[in-house]
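Given the sequences, and given the hints that come with them, work out the whole structure.
Each chain, letter by letter, is given below.
Protein chains: 2
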Amino acid sequence: MRIRTATDLGAFIRERRTRLGMDQIALAKKAGTSRKWLVEVEQGKPGAEIGLILRALKSLEISIDVEADSPVETTSQGKAKAPDINSVLDSLKKRPLKKQI
Amino acid sequence: MRIRTATDLGAFIRERRTRLGMDQIALAKKAGTSRKWLVEVEQGKPGAEIGLILRALKSLEISIDVEADSPVETTSQGKAKAPDINSVLDSLKKRPLKKQI
DNA sequence: CGAGATAGTAACCGAACGGTGACAGATTGT
DNA sequence: ACAATCTGTCACCGTTCGGTTACTATCTCG
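From first to last, the protein sequence lines are chains Z and L.
Everything in the first sequence is counted per our numbering, starting at 94 for the first residue and increasing by one.
Everything in the second sequence is counted per our numbering, starting at 94 for the first residue and increasing by one.
Be careful, since some hints might not be right.
[Stated by the list, open to error] Some chain Z residues close to chain L (C-beta under 7 Å, calculated; not the full set): (1) A141; (2) A161; (3) S163.
[As the list claims (entries may be wrong)] Below, computed lysine to aspartate or glutamate pairings styled on EDC-like, alpha-carbon distance capped at 20 Å: (4) K138(L) with E108(L); (5) K138(Z) with D162(Z); (6) K151(Z) with D158(L); (7) K123(Z) with E154(Z); (8) K151(L) with D162(Z); (9) K129(L) with E142(Z); (10) K138(Z) with E142(L).
Just so you know, these hints were derived from the structure itself, not from any lab.
Glycine included, each C-beta is placed from N, C-alpha and C at the ideal position.
Below you can see the structure in the form of structure tokens.
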């Protein structure tokens, strides 16, 4: 499932928790947090800390994957991008020297 | 890329940011946060709030997907699970009535 | 009906977050 | 050498998070 907002995440967590037959206390305990925290997260609290979120997801055996949408989009010019020596160097250094007009 | 820790996430964000040729200020501004925050997140800060993380990922055109690892694992018994009327009802109610011995 | 379990909410409080501004180090280009 | 850029760090501060505890409402089952 694609996650776009904290609400999405909360809904998914709740979905998974209930499907596993766990109550809020069980999950909170397993994730090393509090029930209050879980309630708020399941309601879509955007202020929840990523570390606790990750622990909760792990407790629910949920995997998270991130992926770059557009491959690179150098300067948003439709130009075809043939791999050249400079792009290779840039990839290695991961820091474009200039704006590469 | 699979995300397991805040450090994984920070590394991926930095990777994507540099590959897009953005500096910290540019991304922070686009995501509506501060450069200090970005620095800490890229270093793997577990206390970062999920809402800001999501904004940053959106700014970098990064998609997040979550997925339940094991389909259901009713009681962790290797028993094969043929879909029966009860499981369907449970799925709808999303709340197992009992421990379903 | 009544006991028990689950979930949502409230108040309180210490700890940590995030923003701002400034500074130092490193790197790049002139 | 110099200026410009980018990054990491620091101190300060208002806001908010997360834990604890208690109370209430809802639902299930005996």
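Go through the numbered hints given earlier and state which of them the structure violates, listing their numbers in rising order. As far as the earlier hints go, only 5 is violated by this structure.
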